[in-house]
Amino acid sequence: MVRDVCADVLLGLAVLTVASASLGVLLMRDAYQKLHFVTPAALVAPVLVALAVLVQMGLVENTGETCLALFFMVIAGPYLSHATMRAIRVRDQGDWRPGKAPRAEPEQ
Amino acid sequence: MVLGFTAAAIAMLISLIPAGIVIARGDLPSAVVAYQFITAVMVMVLALLAQAFQRSSLFELPVLLALLMFGGGMVFVRAMERWL
Numbered sequence: 001m002v003r004d005v006c007a008d009v010l011l012g013l014a015v016l017t018v019a020s021a022s023l024g025v026l027l028m029r030d031a032y033q034k035l036h037f038v039t040p041a042a043l044v045a046p047v048l049v050a051l052a053v054l055v056q057m058g059l060v061e062n063t064g065e066t067c068l069a070l071f072f073m074v075i076a077g078p079y080l081s082h083a084t085m086r087a088i089r090v091r092d093q094g095d096w097r098p099g100k101a102p103r104a105e106p107e108q
Numbered sequence: 109m110v111l112g113f114t115a116a117a118i119a120m121l122i123s124l125i126p127a128g129i130v131i132a133r134g135d136l137p138s139a140v141v142a143y144q145f146i147t148a149v150m151v152m153v154l155a156l157l158a159q160a161f162q163r164s165s166l167f168e169l170p171v172l173l174a175l176l177m178f179g180g181g182m183v184f185v186r187a188m189e190r191w192l
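Protein chains in written order, with the working numbering: chain A, 1 to 108; chain E, 109 to 192.
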């Protein structure tokens, strides 16, 4: 009973995190600002879900596999966010480094 | 079936609607960001459904998607940077 309540509370927090991040992705002005709202959904909410599975099931194989998925997301998330930010800047400015000349337009 | 996990999975799927709107109506960088958001949420949805249906074999799907999320995301990002 206590385990169920704790798991439900953790799941509720995870859903709240994802829902608010989703609204952030929708409402923010440009991709730079939207990208900030991917991080809660990619890092915080998976931790809450893994904790909910851990509370519900205890230390079993299912919990291990959920934690493995969480591990991959925690490792990959920051790299992916950095690469996305860099790609958007290259697309906008022509180069990701500050002070570089803008990309030349292709000849017609 | 565990009701809380099923309800959380459904709520997270509903939360994907705003990101879908961004993909459909936003510019390309915003769409790529929304795609990454949806992929991250789908990993959790698969884990929640596996737990809800109490099937151990289904827990391999979120692990696989978490791995593919990085590769697929990088492909989209590099394509956006170089060619699109």
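Don't read these hints as lab results, they were simulated from the structure.
Just to be clear, a hint being listed does not mean it is correct.
As the list claims (entries may be wrong) - Derived, one-sided and incomplete: chain E residues facing chain A with beta-carbon distance under 7 Å:
no., residue
1, GLY112
2, PRO126
3, GLY128
4, MET152
As the list claims (entries may be wrong) - Footprint (simulated), chain A over chain E, 3 or more residues, beta carbon under 8 Å:
no., stretch
5, 141-151
6, 173-187
Since we're looking at a predicted model, the values are computed, not measured.
Backbone N, C-alpha and C fix where the C-beta goes; we use that ideal spot for every residue, glycine too.
Quiz prompt | Unmet hints by their number, sorted upward, for this structure | solution = Of the numbered hints, just 3 does not hold.
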